[in-house]
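Number of protein chains: 2
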Amino acid sequence: MKSAILRLLKDRRPEFVSGEDICKSLDVTRTAVWKHIQSLREDGYEIEARTNAGYSLVSAPDRLFPGEVLDGLSTKFIGRQVYYYGGVSSTNDLAKDLVQKGADDGSVVLAEEQTGGRGRLGRAWFSPRYKGIWFSLILYPPVGLSAVSQVTMVTAVALALAVRKETGIPVGIKWPNDLLAGGKKLCGILTELGAEMDKVNYLVVGAGINANQERLEFPPEMRETATSLKVELGRSVARAGLLQVMLAEFEHWYQFWLTQGFTAILSKWKEISVSLDCPVHIHTLNKSWEGWAEDVDEDGALMLRLPDGRLQRLVAGDVSIRR
Amino acid sequence: MKSAILRLLKDRRPEFVSGEDICKSLDVTRTAVWKHIQSLREDGYEIEARTNAGYSLVSAPDRLFPGEVLDGLSTKFIGRQVYYYGGVSSTNDLAKDLVQKGADDGSVVLAEEQTGGRGRLGRAWFSPRYKGIWFSLILYPPVGLSAVSQVTMVTAVALALAVRKETGIPVGIKWPNDLLAGGKKLCGILTELGAEMDKVNYLVVGAGINANQERLEFPPEMRETATSLKVELGRSVARAGLLQVMLAEFEHWYQFWLTQGFTAILSKWKEISVSLDCPVHIHTLNKSWEGWAEDVDEDGALMLRLPDGRLQRLVAGDVSIRR
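Read top to bottom, the protein sequences are chains V and Y. For what it's worth, this note's numbering labels the leading residue of the first sequence as 90, then goes sequentially. For what it's worth, this note's numbering labels the leading residue of the second sequence as 90, then goes sequentially.
Next up, chain V with everything else stripped away, as it sits in the complex:
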């Protein structure tokens, strides 16, 4: 009911809607309307009330409420089911729990804050309240284990294009799966999965986008390596709107991948990449490499040309671009 009232106010915005109209349209009592208006105000919606005129929505808060995400969402199945939380340990962990409970394909798990946000290899991911878009997608693609890295690359392409479209920032992809702006990290992607050898049982693709942090809101040790959309743009972004574009872009590329295969996406990925055709330093679990980042293969592995001329295939690692 609350979301129906919000819907009504949004549709008529900036006009006033009388309490009586709301009661009639939605078949509720005046008292119920008043309570829901109060509750919306508590959520951060600024609603003006004027005697003999009714209610008018002045502004919506920058929150990722399901109503805000679903309102105007253009997707068929991605994000159609929203699990929204104020604070969680990690949206990926929660998503894995929801998989066990049978969550739908394309469900999105959203949190305003992660207290235990994670990046690759269990590294902490700084996820302060209301400042970023911290979310995980639940997917059940009918593919084998070897296709998993492709989904991470589909995600990187989709999110990069969405951010470019919404903000104009020329974000690039750094292998294997970071989005950079001005050489600093804007977004990380963490794919987790359950599988048998022949068949993926589920994928949880988590992403964290630094949206509205000020430079000084990053911990000092991150200020040289991380950035946010706000830092890059000089203004805040509306997170729900950007999320909608990201979900739509993801659905487009994910369905393209499922139906057309990976080739075109790999080309797109290479086009957006900022860590190809350049000298790189790569740290893997047990070793350091230096060389020329020559190509990425169908499995997402980096083909590194070593100083001695040999070509080394790397499936994972941390890249720094040498300038």
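Incorrect hints may have been included.
As the list makes no split between identical chains, a pair holds if one copy fits it or if it spans any two.
[As the list claims (entries may be wrong)] Taking lysine-lysine and the DSS-like style, the derived pairs with C-alpha atoms no more than 30 angstroms apart in a straight line are:
1. Lys273 - Lys288
2. Lys288 - Lys274
3. Lys319 - Lys254
4. Lys91 - Lys124
5. Lys359 - Lys91
Quick caveat, the hints were computed from the structure, so don't treat them as lab data.
Guided by the hints, dock chain Y onto chain V, whose structure is given.
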């Protein structure tokens, strides 16, 4: 206490142990001893009781009780924690639950019967009560996603060698992960996992060994394609003893793999294989292939030489060997 009494009877077998000796050794009452002896008899242990002489163990039942598995087990960590069940849906499913609860590395989940035993791609695996060895290993190897197929191959090698050692049956491996005897399926392996791209969170390696089924105990549709150790040998096998050898062999090869890498194991795998250097028919999810099974690569993929001379790499599929 029950297992301590059993231990004592086993150690002194075939001699009699007086009730008084048991009481003194283990510091229990005569009534307690009597109750435990009764309980052992209910488990199927044949125990003779003679006035003025005491108790003597005549025979142990063919059960996979933790006491039977642990008694004489030579491993360091594989099978040191045993989860034993009369009947379960699937030991792999149970093992995945136990992973969530923090089960130890090397834990083994055992069942006398699986009502929902599964093979690759959700196919049913016939797992009748007391007739086979249906078990799953829980492993946390510090490896990336690309190494998972190697663990399945380590398992196939270890189980094949264990069966050869214990029974003399010249079992062979059919790609990707079946053990055959006389061209028929003796054992299947199903590896499941939780992971992120760079790091396996857990592996559950399930195996089902047809041990003591008679030929006519297989459903009619399986009689041409499946076999058991009993069918091959003409006699029953002691399942707990064979399981001990399999666990020990697995630990050996698994540790070898962790410390020395995959190369030697791949050679061993090829040596035991019965589906290499022969003409094969392969069904994958969407396609049928015919050709010459030429090799298996480091990732466990089959290199199939097609009639037109091209080499096709296949990561999964069902092989039939053309004769």
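Hints, verified against the model:
no. : hint            : in the structure
1   : Lys273 - Lys288 : between (36 angstroms within a copy, 25 angstroms between copies)
2   : Lys288 - Lys274 : between (32 angstroms within a copy, 22 angstroms between copies)
3   : Lys319 - Lys254 : within (15 angstroms within a copy, 67 angstroms between copies)
4   : Lys91 - Lys124  : within (9 angstroms within a copy, 66 angstroms between copies)
5   : Lys359 - Lys91  : neither (45 angstroms within a copy, 66 angstroms between copies)
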